[in-house]
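Starting from the known structure of chain V, fit chain X onto it as the hints suggest.
Chain residues, written in single-letter form:
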Amino acid sequence: MNTKDKSWKILSLIPIIAVLVILTLVPLVNIFYNSFFDIRWDDGKYNYTYIGLENYIELPNNKFYLPGLINTIKLSIFAVFFQMLFGFLIALGISKIKRGKGFFISLFLLPILLPPIVIGSIWRLMYGFDFGIFNYLLSFFGIFPLDWLGSSSLAFTSIVIVDIWHWTPFVVLLLLAGLESLPTDVYEAARVDGTSGWNEIIYITIPLMIPTIIVTMVFRFILSFKVFDEIYLLTQGGPGTSTEVISFSIYETFFESDNMGLGSVMSVVSLFVVSLLIIIVLNVIRRVNKYAN
Amino acid sequence: MKKIISTISIFLFSITFVGEVFAGPKLTMLINQSPWFDGFRKTLEMYEEETGASIELDVNPYPAMSEKIRNSIRAPEGIYDIVITSTEFMSTYSDSGEFRNINDIDPNYKLDPGICSYQNTSYWNYDTQSYDPVNGEFIGIPVNGNVQVLYYRRDLYEEKGLTPPKTWDDLIANAAVFHNPPQMYGMIQRAERSSVTYNFGPYMFSHGGAVYKDPANGDFSIVFNSPEVKAAMEAYLKVRDTVGHPNAHAIGQGEMIQYLRTGKAAHAIAVIAAWGGMDDPNKSAVIGKMGAALNPAGPMGSASSLGHWEAHIPKNIPDENAVEALDFLKWLVTKENQIKYIENGAVPVRCDLIDSPMAKQDEFRFLEALGQNSDVAQFIAPNVEAVESTSITNLYLNKIVAGEVSIEEGLNAAAEELYQLLTKAGKKTGKLPDL
Chain V
1 MNTKDKSWKI
11 LSLIPIIAVL
21 VILTLVPLVN
31 IFYNSFFDIR
41 WDDGKYNYTY
51 IGLENYIELP
61 NNKFYLPGLI
71 NTIKLSIFAV
81 FFQMLFGFLI
91 ALGISKIKRG
101 KGFFISLFLL
111 PILLPPIVIG
121 SIWRLMYGFD
131 FGIFNYLLSF
141 FGIFPLDWLG
151 SSSLAFTSIV
161 IVDIWHWTPF
171 VVLLLLAGLE
181 SLPTDVYEAA
191 RVDGTSGWNE
201 IIYITIPLMI
211 PTIIVTMVFR
221 FILSFKVFDE
231 IYLLTQGGPG
241 TSTEVISFSI
251 YETFFESDNM
261 GLGSVMSVVS
271 LFVVSLLIII
281 VLNVIRRVNK
291 YAN
Chain X
1001 MKKIISTISI
1011 FLFSITFVGE
1021 VFAGPKLTML
1031 INQSPWFDGF
1041 RKTLEMYEEE
1051 TGASIELDVN
1061 PYPAMSEKIR
1071 NSIRAPEGIY
1081 DIVITSTEFM
1091 STYSDSGEFR
1101 NINDIDPNYK
1111 LDPGICSYQN
1121 TSYWNYDTQS
1131 YDPVNGEFIG
1141 IPVNGNVQVL
1151 YYRRDLYEEK
1161 GLTPPKTWDD
1171 LIANAAVFHN
1181 PPQMYGMIQR
1191 AERSSVTYNF
1201 GPYMFSHGGA
1211 VYKDPANGDF
1221 SIVFNSPEVK
1231 AAMEAYLKVR
1241 DTVGHPNAHA
1251 IGQGEMIQYL
1261 RTGKAAHAIA
1271 VIAAWGGMDD
1281 PNKSAVIGKM
1291 GAALNPAGPM
1301 GSASSLGHWE
1311 AHIPKNIPDE
1321 NAVEALDFLK
1331 WLVTKENQIK
1341 YIENGAVPVR
1351 CDLIDSPMAK
1361 QDEFRFLEAL
1371 GQNSDVAQFI
1381 APNVEAVEST
1391 SITNLYLNKI
1401 VAGEVSIEEG
1411 LNAAAEELYQ
1421 LLTKAGKKTG
1431 KLPDL
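For the record, the sequence lines run as chains V and X.
Residue numbers for the first sequence follow our numbering, beginning at 1 and rising by one.
Residue numbers for the second sequence follow our numbering, beginning at 1001 and rising by one.
The following block holds chain X by itself, in its conformation from the complex:
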């Protein structure tokens, strides 16, 4: 009897103790349903178990994210204590003025140098409307390090004695060895209207092209119809015509991953978030067969396009919640917890994990490519009008790939519309003569 009473007493004491220590507010976080979500959820559960904190996730499909963020941060009292923004609308919301400066919550906190910089997207300068680590406000903490990497079939490479391609020509040469449609495509490109700009990014940057001249310093002159971007598009189409899928302009992210997982693609430049399913027996026919590498280089070296997510703490939530929210984010980006994050299947945000013993394990063989591509990843549209400007570039690039307009017509038309958009927005801008 005594034993039972003492057990109950200990149990009740534990509950009381836990309840008192972890009586913080229950937080709500807005997040999207994505290939890396399960890894995030598992890691969050570890945090909740470790600290007793409670964070409820409001999980939404990607297209619903922007509207939910907007509604919450503009309300007198926000629904979400943490919101995350993707590169597509990160700049728009960074400029909204509705996110807290992290140092207002914790004046001493700064990002660990081991965390990838992602072209300084954690710091927003409201005056120049650009990312600025010196004069910008610290308003975001990266939570997902999505960038595009080169996926290749390492089993087939081993069979044929090939090494990962260094240049676009190498890629074409290697892909040609396996190109045998419709059984297998040498390379899959994703040029559907909603995502072609993102997929074109590595080609564009590696050829020295860009959408804007010098956005980091507030010069938004349009250089999208430069000879460099034209050369990049010629390379993109050359890949498609020689070793690619003839209907690249109708392929989106879902189809691209489908081609990879069903073993019908020898290569693809895809987001690292798609890696999670490659070795999953329930989802993939290429378990253990996929490799990841640095994207092929053009005249200006290798490049990738940023597709990472930053977490923000809105102003319209109680201070107590803001402190709790920051505690979680600080916990998440530590090296120790990023290792758990990777083990759970999420995409890490630290670039210092490449040298860790973990990167040598076959299961985590993508880490090296992730680190290399993160180092060379660039932001395609780091401007406040990114949603509108990307819809312009998406439309014309899709038209070019679909063969509706020539490269020159498409790039000139896009440049003109971008110029009009930026001029109307009052930006310092200009444009090149037509191609």
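Chain V on its own, in the form it takes in the complex:
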């Protein structure tokens, strides 16, 4: 590579680096900076009072954030696990379809195309205690109506179900793209050797799909930490804090309570926790892969 080529490559990267710095790094640094201040609006301007680590010390006492963090991690683990499982099975099914594949893809994509407000309304109606279709159906089996969104023990599961329904199509889409791009000659050779359909999935499809599965899973894991719409529209974090999540706590602190300092700390800690969890997940996957190989 000559010097001219190298300079051109660096120069061509500058616009995207500038965009990244302006849109990502600057807000991050700003939030980190704000987290050390008590910020109040007084006499027509924001007044910053340096308080050191006080916001960080106060965070564990916050009645919403910690339960929200635990719920978010639980939701991410359960929802992403089932989304990956169902997503893979559905993608596998669709990939085997010879005719009308487009129709099925469109059908399965519907949940991610619907606006969140519609999703919230649909599920709130379906989960309704007296008016909901789920309890109506359960009544045919003599089952007493369930308090889907009001019971502290059931509300969280209800939210997980909605999240699985909402985001499984996204997983289907990515995994289907991966399945469609697998080399056909491997399958042809396996069939010549008389490999069963089940063994084909276990010994060929899954190993070949591992990179796509990992990328999809990490992607979904990150996105699942942003869950907000379902909580906001279905339970508002209740009953108690049984469905509280970090994005809802941050929203309430920033926009409702106008507490920018504490809101910034919540954002910084959330970012740190998410990054840490992703590193752990990637490490686990790498070790499993190494062991399997």
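Quick caveat, the hints were computed from the structure, so don't treat them as lab data.
Cβ atoms here follow ideal geometry from the backbone N, Cα and C, with glycine treated the same way.
Among the hints, a few may not be true.
Chain X regions said to be covered by chain V (calculated; three or more residues, Cβ under 8 Å) [said to hold, decoys possible]:
#1 1090–1097
#2 1246–1259
#3 1296–1307
#4 1388–1399
Capping the alpha-carbon separation at 30 Å, the derived lysine-lysine pairs in DSS-like fashion look like this [unchecked claim]:
#5 X/Lys1026 / V/Lys45
#6 X/Lys1213 / V/Lys63
#7 V/Lys45 / X/Lys1424
#8 X/Lys1427 / V/Lys63
#9 X/Lys1335 / X/Lys1026
If you want the footprint, here are the derived chain V segments under chain X, 3+ residues with CB under 8 Å [stated by the list, open to error]:
#10 122–134
#11 238–246
Quick look at chain X alone, frame taken from chain V:
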């Protein structure tokens, strides 16, 4: 030909004339989408037609209101010439110092005594951080008189020969007659986390309870874990357990109205703004069947909780716009126009309409209950930190109703957190010993 020319001339003259006389600024008002919005919009259209003024409405869902107000009033130049605040964040923004004193715009204007006082929420005292009609600045004009009233099925009452309940025990006795879940619930309560404090208000105040000791005089000592509040919560749970919905803690305003309109609730304490849909054939199965009454009384009499809206004129708009904005608000609260306001389906802010012939008409049968409840309505959190303090009371009351904690545990925990909040805010505060 002459006729045509003269017609065109008259038309052109009219346009010019109208244009010259009503060449005021075009105003923008921030308002929320709510059951009373249509009534407000229709009345505003009448004002525009009558005066030629032009006010554009920026209509938002309730949760977006606070942020939009904040962004506009803190900007060098405000987007909105009129903003409205609900009781949830009224005190916070009243203390912001970003609203004009109405008397700086019109030194002679004062609220007509016929307008409900709503515990003086039009006047804010920046020194004591409380509502104060004597030393406070005149910064708001009420535009919606939302308070909670008792809804009851008057057709069923007539059938059974009952009269509206005077006390909480009367309510339980009457509701028990109709309580037959899931076909019909005797009483629907709204104890979802986001709104339970508001719904609990009539129970709390009627038992002599409160969140703060004497906020009007700057004493924000916490009395939320008093024996009176405990008694009120016991009454709340007794209603739920005997004639209420077992999942009250998951019911919000939307569901409560749904139960009423579908005929599955015999009673509910709900905002009067919900009345609009009760007699609407497109929305209700109980047309003409609903009645409204004064909330049941506890040991301290009847009570309601304020949920009204005040309109404010921000400082960061041109003076000319401020004058126009005040002209509209002055027009809106006159007795004559409040009658139009009611006819259009909005919630009036005048307490002197109870005695009007209008109140005797069946269509407006809610007016008497609205006036009675407005007279006894109290402000639950009249403090600058209301958003945060209400999130604390909402959380613990919801936990109590959901059965996650006992009444004592919940009220003590809430009182402790409120005390911490108010202490940090530098308020004169204190707290009671644990229950």
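Chain V covers the region 1296–1307 of chain X, three or more CB atoms within 8 Å, holds or violated: Violated, because only 0 residues of the region 1296–1307 of chain X bring their Cβ atoms closer than 8 Å to Cβ atoms of chain V.
Chain V covers the region 1090–1097 of chain X, three or more CB atoms within 8 Å, holds or violated: holds (count 3)
Agreement of V/Lys45 and X/Lys1424 with the hint, judged by alpha carbon distance not exceeding 30 Å: holds, 21 Å
Straight-line alpha-carbon gap X/Lys1335 to X/Lys1026, limit 30 Å: Holds. X/Lys1335 to X/Lys1026 sits at ~26 Å (cutoff 30 Å).
Coverage claim, chain X over the region 238–246 of chain V, checked by counting residues with Cβ within 8 Å (three needed): holds (count 4)
Satisfaction of hint between V/Lys63 and X/Lys1427, Cα-Cα up to 30 Å: Within the cut-off at roughly 22 Å; holds.
Proximity test - 8 Å, beta-carbon atoms, the region 122–134 of chain V to chain X, at least three hits: It holds, with 4 qualifying residues against the three required.
Three-residue Cβ test at 8 Å for the coverage of the region 1388–1399 of chain X by chain V: As far as the region 1388–1399 of chain X goes, the hint holds, because 6 residues have Cβ atoms under 8 Å from chain V.
Restraint check for X/Lys1026 with V/Lys45, where alpha carbons must lie at most 30 Å apart: Holds, because 28 Å separates the two Cα atoms, which is no more than 30 Å.
Restraint check for X/Lys1213 with V/Lys63, where alpha carbons must lie at most 30 Å apart: The hint holds at about 24 Å.
Proximity test - 8 Å, beta-carbon atoms, the region 1246–1259 of chain X to chain V, at least three hits: The restraint on the region 1246–1259 of chain X holds, since 9 of its residues have a Cβ under 8 Å from chain V and three suffice.
This entry does not satisfy hint 3, going by the numbered hints stated previously; all others are met.
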